[in-house]
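Asker: Sequence:
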Amino acid sequence: MSRCSKLVDVGRRQFLRGGAIAATGAATATVLPAERAKAAPASAIVDYPSNKLANTADLAVNEPMDIKYPDADSPGALIKLGEAVEGGVGPDGDIVAFSVLCPHKGWLMAYNGEDRTLNCPGHFSRFDVETGGQQVWGHATQNLPQFTLRVDDKGDIYAEGASDLIFGRPSNVL
4 MSRCSKLVDV GRRQFLRGGA IAATGAATAT VLPAERAKAA PASAIVDYPS
54 NKLANTADLA VNEPMDIKYP DADSPGALIK LGEAVEGGVG PDGDIVAFSV
104 LCPHKGWLMA YNGEDRTLNC PGHFSRFDVE TGGQQVWGHA TQNLPQFTLR
154 VDDKGDIYAE GASDLIFGRP SNVL
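Counting in my numbering, the sequence shown runs from 4 upward without gaps.
Calculated from the structure, these hints are not laboratory results.
All values reported here derive from a predicted model rather than from experimental measurement.
Take these hints with a grain of salt, some might be off.
Simulated restraints, written as ranges between beta carbons of each label pair [what the hints assert, rightly or not]: (1) Glu86 with Pro173: 30 to 38 Å; (2) Thr134 with Ala63: 15 to 23 Å; (3) Val139 with Glu66: 18 to 26 Å; (4) Pro173 with Ala63: 34 to 42 Å; (5) Pro94 with Gly141: 28 to 36 Å; (6) Gly125 with Asn58: 28 to 36 Å; (7) Val64 with Asp159: 14 to 22 Å; (8) Asp76 with Gly125: 12 to 20 Å.
Where is the CB? At the ideal position from N, CA and C, for every residue including glycine.
Using the sequences provided together with the hints, build the complete structure.
Answerer: So this is what it looks like as structure tokens:
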């Protein structure tokens, strides 16, 4: 078997050093001049209208309630978890709400009460509702949009925004 005479035997360190130099050069070549460059906005809170979803008395621990927010075309789940969690509201800080449209392809997700995740039947992405909708498995490339909630002195629960863009929305406004 003949070898190509153009091959070069490169050690690990030389290979990594060469890759780093090439990456730096490519990054430098694609940088726009400062006067033309525009900063990308940070992960912004999506500003949706305030809507009443339910009352704290309507919720049972670990039993999701179907909701529509910010409009009838956007299904979601309102969940009382029984212990304080990230983004939780109410007297115990345990009420959260999420879009149930998978951010990967928009499949309608189902709640699993055993491990407290929302699960996509399409490509099997899973999102932890105890950690703000963080993706724990699957093809999705972003976390699940969590709705910003407020509870008034009568126990009425209002949704007032979303942490991320809801699947299928072309922009951050209605």
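Asker: Does each hint fit the structure? Answer for all of them.
Answerer: Verification of the supplied hints:
Distance hint check for Glu86 and Pro173: the Cβ-Cβ separation is about 37 Å, which falls inside the suggested range of 30 to 38 Å. A hinted range of 15 to 23 Å for the beta carbons of Thr134 and Ala63 is consistent with their spacing of about 22 Å. Separation of Val139 from Glu66 is about 21 Å and conforms to the stated range, judged on CB atoms against 18 to 26 Å. Distance hint check: the CB atoms of Pro173 and Ala63 are about 36 Å apart, consistent with the given range 34 to 42 Å.
At about 34 Å, the CB distance of Pro94 to Gly141 agrees with the hint of 28 to 36 Å. Take Gly125 and Asn58: their Cβ atoms lie about 33 Å apart, and the range 28 to 36 Å holds. Distance hint for Val64 and Asp159: a CB-CB separation of about 19 Å, consistent with the stated range 14 to 22 Å. The hinted window of 12 to 20 Å between Asp76 and Gly125 holds, with their beta carbons roughly 19 Å apart.
In terms of the numbered hints stated before, the structure departs from none.
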